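A.B. asks: So the chains spell out like this:
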Amino acid sequence: MRAVTIKYGGDYNPEQWPTEVWDEDVRLMQRAGVNLATVAVFSWARLEPRPGEYDFAWLDDVLGRLHAGGVRVDLATATASPPPWLARRHPETLPVDEHGVRLEVGSRQQYCPSSPVYRAHARRLVERLVERYADHPALELWHVNNEYGCHVSRCYCDASAAAFRDWLEDRYDTVEALNDAWGTAFWSQRYDSFDEIMPPRAAPTFQNPTQLLDFDRFSSDELLECYRAEAEVIRASSDVPITTNFMGFFKPLDYWKWAKEVDVVSDDTYPDPADPLSTPYAAMVRDLMRSLGGGAPWILMEQAPSAVNWRERNAIKAPGQMRAWSYQALARGADGILFFQWRQSKAGSEKFHSGMVPHAGPETRVFREIAELGAELTALSGPEAGFEGAPVAAHAAIALDWDSWWALEQPAAPTAVAYLEVLFAWHAALTANGLTVDFVQAGADLSGYPLVVVLAHFVLTADQGANLSAYAEEGGTLVVGFASGILDEQLHVHLGGYFGAELRRALGVRIEEFAPPAGPDLRAEGGVPAPPIGIVGDVVGGSASAGLWAEALIAEDAAIEAAFAGGALDGTPAITRRETGVGRAWYVATLPQPEALGMLAARLIADAGIVVPEPAAVGGGVEVVRRGANTVVINHGDGTAVVRLPGVDRLTGASADGLELAPQGVAVVADPA
Amino acid sequence: MRAVTIKYGGDYNPEQWPTEVWDEDVRLMQRAGVNLATVAVFSWARLEPRPGEYDFAWLDDVLGRLHAGGVRVDLATATASPPPWLARRHPETLPVDEHGVRLEVGSRQQYCPSSPVYRAHARRLVERLVERYADHPALELWHVNNEYGCHVSRCYCDASAAAFRDWLEDRYDTVEALNDAWGTAFWSQRYDSFDEIMPPRAAPTFQNPTQLLDFDRFSSDELLECYRAEAEVIRASSDVPITTNFMGFFKPLDYWKWAKEVDVVSDDTYPDPADPLSTPYAAMVRDLMRSLGGGAPWILMEQAPSAVNWRERNAIKAPGQMRAWSYQALARGADGILFFQWRQSKAGSEKFHSGMVPHAGPETRVFREIAELGAELTALSGPEAGFEGAPVAAHAAIALDWDSWWALEQPAAPTAVAYLEVLFAWHAALTANGLTVDFVQAGADLSGYPLVVVLAHFVLTADQGANLSAYAEEGGTLVVGFASGILDEQLHVHLGGYFGAELRRALGVRIEEFAPPAGPDLRAEGGVPAPPIGIVGDVVGGSASAGLWAEALIAEDAAIEAAFAGGALDGTPAITRRETGVGRAWYVATLPQPEALGMLAARLIADAGIVVPEPAAVGGGVEVVRRGANTVVINHGDGTAVVRLPGVDRLTGASADGLELAPQGVAVVADPA
Amino acid sequence: MRAVTIKYGGDYNPEQWPTEVWDEDVRLMQRAGVNLATVAVFSWARLEPRPGEYDFAWLDDVLGRLHAGGVRVDLATATASPPPWLARRHPETLPVDEHGVRLEVGSRQQYCPSSPVYRAHARRLVERLVERYADHPALELWHVNNEYGCHVSRCYCDASAAAFRDWLEDRYDTVEALNDAWGTAFWSQRYDSFDEIMPPRAAPTFQNPTQLLDFDRFSSDELLECYRAEAEVIRASSDVPITTNFMGFFKPLDYWKWAKEVDVVSDDTYPDPADPLSTPYAAMVRDLMRSLGGGAPWILMEQAPSAVNWRERNAIKAPGQMRAWSYQALARGADGILFFQWRQSKAGSEKFHSGMVPHAGPETRVFREIAELGAELTALSGPEAGFEGAPVAAHAAIALDWDSWWALEQPAAPTAVAYLEVLFAWHAALTANGLTVDFVQAGADLSGYPLVVVLAHFVLTADQGANLSAYAEEGGTLVVGFASGILDEQLHVHLGGYFGAELRRALGVRIEEFAPPAGPDLRAEGGVPAPPIGIVGDVVGGSASAGLWAEALIAEDAAIEAAFAGGALDGTPAITRRETGVGRAWYVATLPQPEALGMLAARLIADAGIVVPEPAAVGGGVEVVRRGANTVVINHGDGTAVVRLPGVDRLTGASADGLELAPQGVAVVADPA
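Chains as they are written, first to last, in full-length UniProt numbering: chain A, 1 to 673; chain B, 1 to 673; chain C, 1 to 673.
The shape of chain A in the complex, shown without the other chains (with noise of 0.2 Å):
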């Protein structure tokens, strides 16, 4: 993929509008700075009307004005939702959920993904607009499919039963091996053979744990075959690199695996305008996209120009929101700001989703951001102002991991945990730190930071539990936190105190029993939430207030930081330190409020030897991020914010030193000569 510029577009849908709107579209995205446009997302039924029968004209015509405008394509494969007539030909794709309900027509991506027909016919529509299109000079990207699985991402049909069955053949080899793995001793569950399994459908109560981990990372992998099918087909004729868009931390999907098969990670992030948490949890998103491509720039693939449709109350993004949240990502390692769409539509399901062109015309507050912004990022672009491919150092690690989201979040647990919970209340208190922050797998090699955190790594390999623990010899600040290395990766648990032998040594404790704050059961009428458990300790600043999770802990050779306060655990440890080898291990058995949280986060940088840099800028709300020799201040607070840092912001020419932020306000600070 050629960098040369900050791409800047949005999706784009002219088959919704008569050819008249599409002259002026193209002298609109000119006029708004659009360099990219996402063509095709939703073509199948215009592209292949009947079985076998294609029509290509009108997207040679489209394909040939944007290139005729200066705006390069985005092509999709168009698989995304398939026509209606494929349901009526072949009811057997239609993706049926745990209760025997068969999705119909009518909305989008009702298919099954381990359809074999389904598939087929995708394929075959690849291999056309390959055939088409892979020496199209407009073509800059491949887009396969689109936001895989958001609304059907497990099907529980006969023919997924089918291919769960191979996928579970091709994992244990042997029924023995699985029935082991499972666990079928207990409740009578043994299988005589793999003809006898079936998906998770609904059933009497509580199915059986590590089936349906295996159908979560089933479903992630049928899909994930999906995407292969098609990028092998463009890869056998076309060197364009090839993308699909992720949606954030998107629980269904392993994006671990899937981001090594992309040539290009980007990312559908919607924010929601009405919640004030929704910058900082954006903040970790843009992290994590970072993360998935190794630190490589990745692209904004859709955000809202204003406001979406799909919550119960949609509010707007307030005049400059969407230009901060935009160099948000553009900080955090994005060389691309795209949109979802272009223009508003004027029927169907997402009409009162906002466009970048909205219904009421390009002479309206939403255009003017966008067409400021455009030339703001034209401006931004090349190798002087030096974004595009420009890497972000990070200073800490937090290690995410899918099967501990699956595992974590089934029934039948401790105590209710919503895993990103945990993640984004440490990385908030990171970030509010002054850190940037990587996500990382616990298997791989950390020795580059100085600070790795494992939350609520409720699935713990022998070898994930030996590369913590050598990171920590090795001179690395372990922080681990409650829910982790309970099971293996088959959901046995790590019997003899929890987190695996090598793991538990480097800590210095093992866990009794997990006692979780609880009030009556909140699954009756009636119910409370769980009372506060206090927790003290210098660590969080003496006394202060804790959730979520509690445990009785045995600090067996390990420094107690902070122990827990009143009730049954009275006293006993709650926040453990043990150093290891040349480094430290860090043990937190809750999870504490954000300001204890906050000042326990300060101590393990300290511990950790990372210095965080003076504050660049004053203010509630103030991001500040460093991305090659820019450093991007963002004002996301209500008030003024003042920046005090040497250097010129690009944006206005001014001194960066005294520089007045007003709300929503950006500066980027390019480093002093």
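FYI, nobody ran anything at the bench for these hints, they're computed from the structure. Nothing here was measured: the structure is a model prediction, and the numbers come from that model. Among these hints, one or two may not hold up.
Any copy, or any two copies together, can satisfy a pair, since identical chains are not distinguished.
When the alpha-carbon atoms are kept at most 25 Å apart in a straight line, the in silico SDA-like pairs for lysine to any residue are as follows [as the list claims (entries may be wrong)]: (1) K251 to F206; (2) K346 to Y172; (3) K251 to P319; (4) K260 to A565; (5) K346 to N467; (6) K346 to T205.
Based on these hints, arrange chains B and C on the given structure of chain A.
C.D. replies: Just chains B and C now, kept in the frame of chain A:
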């Protein structure tokens, strides 16, 4: 229908009781002043115990006893609940929900409205009933079916799918026209033939909005076809008028279309005695019933003598409350006051629904109040009192539109708006200002109304827009509320600022984008309700609070009467007024809180030149309505109200100037001669 | 069953572990004082890995090891969870819910109770087990199936439909009798033959109430037939006693009928340690278990050593809490204290359910407490201590009736009443006043109880009404609470004021209408809970508040002890008392709040002439129960309690007069010689 007297009575289901009870029934009816009984509503299984075998003897007996006792008969066609044998012999007659669940026998109304088998069996039964009873001397009214659609108004079975396709082909003629109307170019939904179309069964995500709307229209029409088929059989042999009982503001059925087909409008209304909003809401329902019939008298076909049995908790009607609400109906145009049901059931699903004769027998408060009201209504009957047939004069009209109701409450909207909540707020504000309000269709002749209010009229055809504009230009006072004129009848957006060209010109405003108040997404755990938004302007009493909706409004050619205050919209228009032709057009971009809305309503009433009579009574919760030459005053409040009217209370003979009304008290004040 | 000692132990599932663990198991059981292990509960798939192929060798080994170690065996029939092969070969054995969803394998209990195929396979397995182990020297008890109906107590499949029709034909003989009983004259539900009847599958609205009730009765009976079939096989070859484990107040099964079929009642109870109401609720459960067996000793078959895993948040049992609750069971009649399960699972759906041997091993608080209790119970065993077989003397009885439970909680009731909430409020009030309470059937011989309380006995047969009336007339103190005697066993209303003639005469009251407190409908968005209602009268301490129910009550021949205050019922009777024969009959028309109910209970106790012994202990949350010649005192409160009883604490040898009990402390005070 012979309006010899105010009709009084209720549903009579003698087949639940041994015949010895029947004698007491007629005696008690006479004691209670009952003159009309609805018979055979749920008698199909008794009338036709096996396919084609009929038993009318018992019904002959019942009708004979009633006739002998002077009680006339509203004879039901008995098709509302098919016998179990129909389901067992023809399981395909059972309705199917959107998840494919076939609804079984055991309750009632278990039929697919499109089922040809059900329709044929229903028709056959009606033919036999008409043949036998068309000339019965007791016959006053035909009662077709019962509460059409109250449980099953949408069916998704294959027969419904076939009927839906036929309906669509009638509407669109070609599949190309349907594709255009439905906007199937988006999300790859293009249909290649009508055969590919399905009802909106469960799907992966938001279904096509126009498909949903057409399915709503189709479903209303299909039940209307059921009605029409029965009415046709009756009319072929009988001149007795025909009704079917409506259910107030019932979303599934477009009663504007239905009302054209009945000879007399009738209504079932069950206000919640535990809800203080029930009284103004019931007033709105009664206004609708009068309006559906074009001002003609209607019948309150069902209300509860005291408690119902289908709420979570079922409050009784306080002493006098049943009478007060009955007078509300009479005042607002009813010529009949009937109940469900005569004798409280001793078994079955409605045994805890109150009856005119309770389980405890006639020596009870409930029966005493029934008999007292019967005596009063007898005294108020006849030309001297002047109720039956007398009109109710309305000052203003609110536009009501089922298409808008259906479309506005679809998912994927700018924000969640409950259509009726908006209409009710305005109806209550106008009523509290002393007006009597009709409901109208936006395309109707509006010239008789000095004030017309158009609220959340999400769907607006070009003709309707022109009609409203012309109404204002020709001297009317037009008030348009938010969420109006956004879409055309195909649910395509009115581009360029909404409203459509003519209405946009009349109002002098356009909308850049919707900006509804929002908190963090309500669909997510921990979501919070939307915060209110401020508005300032003399028309709302200076500074006030509003909710539900806001938008970025441009007043291109209109005076700004109120502006939003605070937030991203601060200072932008919220309420505008424009003089157009010899009339006025207001636009209201949010929902002011009740007090502010009351002030705004007063301003609009004055602007329309409506002179509201001085209050006829003082005290909270007092309702005053004129019908013919009577003023009905009802004290729904907790304290004593003092009536100050010239004339005499027909109920007591007392002077109405200074008459004190206790809570639940009623006065019927005759105009002075 | 040989009551040689207090039974102590738990479920033992060695098939989850390698055999090297089995040796440690027996050693640890001995260390813990375990003398009974429940084996093979979930072993079907292991015992019969393929249809008709059996593997008993491992079970021979397990039983041999236990026997050698001195641990006796409660041998399960292993039919609670069929192997996957049964579902694959006979999918029709899988249960179907009311929406037609067939529940699949992957959890447990996936069988239709009426399936002849399941029954045949279960019977065949039991035959083999009995053949092999009937004479095993370790055998103490047969454990048929497990927790019948805990997940699947109702099945709606075609086999269930056929069985339901047979059951109905047995009950009603003719379809005319059924039509009359079900009241099918209403809503056109008349059945022309039994073949037309279906289970109450999903339907358009409220299903026929008697159909629902008969389906509840049928479903309880069908599972009981499953039990009976297995028990019959056992009894043909074995004299060892038989049990199946109940689940406390379990709505789906009428345990009065079940208890007649077991040789010993056993119970699984999992009080929520996070819920302060768990202790009095568990007391009520234990009283039920004793009552089901007619006062005979019962077995606490399952409780958790510490936390469970199936609540949203699973609190641990605080130190001492497991012991305190175990003594509660012992005091209230249990002769055995067992746990689920011996060794905490390392895999599967219950791995986070605590075990007697935790994941962390025996060197843990949990195992220490298990072993300490084992030692104590060993010391308390035998004739000298006098527990096993000793009776518990009750002062009062509460009537319990599954028909009423089922009928009262149907939809379309006067108001939503949770049956157990009413019973629990009264049980707690009586218990807090120092009474020990039995549960009885309203038709039983009540002469042994000075006080009988009949609550929410919605369904009351004429015989039961006569029995209660006679009880009062012959000198008893009868207390009838609201919602009693409304319906007969066919769910036909007792007309004329409810209660039925005899009970109405005994009470001297009749009801005009139910008038439950209500707010706006809870089913609607924004609904609010019902407000309380006031009551005044000395018996409730002057002025008090009540809730849940109220009614328009006429005291025709009874003294008014309390009246409603406020609202439409102001001044009407709320609590009445009538002397009848040589006894007394009270009626209580609402649910007083706890303090007022406590006062009322004290008044009733005095009226019944019951002399409550002086408190044996002072302090909040102290439970005192006499069993045989021992008084058991348990301090469930947060503070120290002081015991003041003559005699000696068997546990410590200390004098019980002035003995201090810490929280969770227990004293077992022997009557002075």
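A.B. asks: Among all the numbered hints in the text so far, which are the ones the structure does not match?
C.D. replies: 3 and 4
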